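Novice: In case you want the letters, here they are:
Number of protein chains: 2
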Amino acid sequence: MPHHRSDVLDRAISLLDRGGLASLTMRRLGTELEVQPSAIYHHFESKQVLLAAVADEILARGARPRTAVEWPDRLREICVELRQAMLACTDGADVVATVWAFGLGASAPVADLEKVLTDAGAPDELVAVASRTLVHYVFGHAFEEQTARQAVRLGAVERSLESLPDFDLGLDLVIDGLRARLA
Amino acid sequence: MPHHRSDVLDRAISLLDRGGLASLTMRRLGTELEVQPSAIYHHFESKQVLLAAVADEILARGARPRTAVEWPDRLREICVELRQAMLACTDGADVVATVWAFGLGASAPVADLEKVLTDAGAPDELVAVASRTLVHYVFGHAFEEQTARQAVRLGAVERSLESLPDFDLGLDLVIDGLRARLA
Chain U
1 MPHHRSDVLD RAISLLDRGG LASLTMRRLG TELEVQPSAI YHHFESKQVL LAAVADEILA
61 RGARPRTAVE WPDRLREICV ELRQAMLACT DGADVVATVW AFGLGASAPV ADLEKVLTDA
121 GAPDELVAVA SRTLVHYVFG HAFEEQTARQ AVRLGAVERS LESLPDFDLG LDLVIDGLRA
181 RLA
Chain F
1 MPHHRSDVLD RAISLLDRGG LASLTMRRLG TELEVQPSAI YHHFESKQVL LAAVADEILA
61 RGARPRTAVE WPDRLREICV ELRQAMLACT DGADVVATVW AFGLGASAPV ADLEKVLTDA
121 GAPDELVAVA SRTLVHYVFG HAFEEQTARQ AVRLGAVERS LESLPDFDLG LDLVIDGLRA
181 RLA
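Chains U and F supply the protein sequences, listed in that same order. Per the UniProt record's numbering, the first sequence starts with residue 1, numbered consecutively. Per the UniProt record's numbering, the second sequence starts with residue 1, numbered consecutively.
Accuracy of the hints is not assured; some may be wrong.
It does not matter which identical chain is used: a pair holds within one copy or between any two.
Said to hold, decoys possible - Derived SDA-like pairs (lysine to any residue); straight-line CA-CA distance at most 25 Å: (1) K47 to S160; (2) K115 to I175; (3) K115 to L161; (4) K115 to S163.
Don't read these hints as lab results, they were simulated from the structure. All of these numbers come straight from a predicted model, not from anything done at the bench.
The shape of chain U in the complex, shown without the other chains (with noise of 0.2 Å):
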């Protein structure tokens, strides 16, 4: 093979970043790297495989060294490196959540949550609930959030980005929903 894996990655995320999600096809990718698609076949055997490397990715370049103590900080910490990882990167926040509901990648941070929040001692169930619905809050902000700002910049809507929701302040009101069933 003309590519390792790594290569192959690397380009179909550079160009995910350049041209958005609609640009990223197998055939697309193939004339980037001057291979046929049965070249990156190869290396992922469909496009959803190619997708969910492709999220991890955006995850893995977005890590952060983690400092925080209590739970409360823990949990904003993850969530913020989430947020950030995925407006890094063009459509990041759209491909991300994607292959999480495929159940195919994307979960190091639901994961991260969780581990969190056994260790403050939640039970099971609301362990698995405080998860989803944090990661769902930040999928959910960081989506309007990069759609706004990429549609603005490319002149295809004019909306006041001044309007966008502070991020902190919305994660905080789950976080005292947490606190309030963990006291």
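Go by the hints and put chain F onto chain U.
Specialist: Chain F alone, transformed into the frame defined by chain U:
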């Protein structure tokens, strides 16, 4: 014009529901209605404007009588209605969340949530934060559920739909956070 605006909108929603967001193009809509794309543009000046009308119609079709009295129940009623309206049409969550992010429509649920929170005596900043936090949670949850169900139905992925998180429990968590602020 051979068609009323409402006919074009009906057909656009039917096209969306049958083939998903990727199938909803001005060209295909013209073919379905047996008119030139220019006839569509007579009613909807752009794809974004059409999409905004589609999102508002999806929400209008999902409208249910509101009977709740207490503010937590009134918030729940609005969020449940929003979720069900989006899930009732293929890619409904994606369309509604995108139109909301564009700032072009789908604003009724947020306005309704804001009114309930104002009635409950929440200060302005909390009204803005909480209404958007609730909507982001609903969007995030509905996007996962709809993407997962559609992908499984198409045979595109295999994931257990039983692992889909309970919507009401997550919603209660956010409302508990709000309750702590309003107490």
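Novice: Would you mind marking each hint as holding or not holding in the structure?
Specialist: Consistency of the hints with the structure:
{"no.": "1", "hint": "K47 to S160", "result": "between (35 Å within a copy, 20 Å between copies)"}
{"no.": "2", "hint": "K115 to I175", "result": "both (15 Å within a copy, 24 Å between copies)"}
{"no.": "3", "hint": "K115 to L161", "result": "between (35 Å within a copy, 23 Å between copies)"}
{"no.": "4", "hint": "K115 to S163", "result": "between (34 Å within a copy, 18 Å between copies)"}
When held up to the earlier numbered hints, the structure conflicts with none and fits them all.
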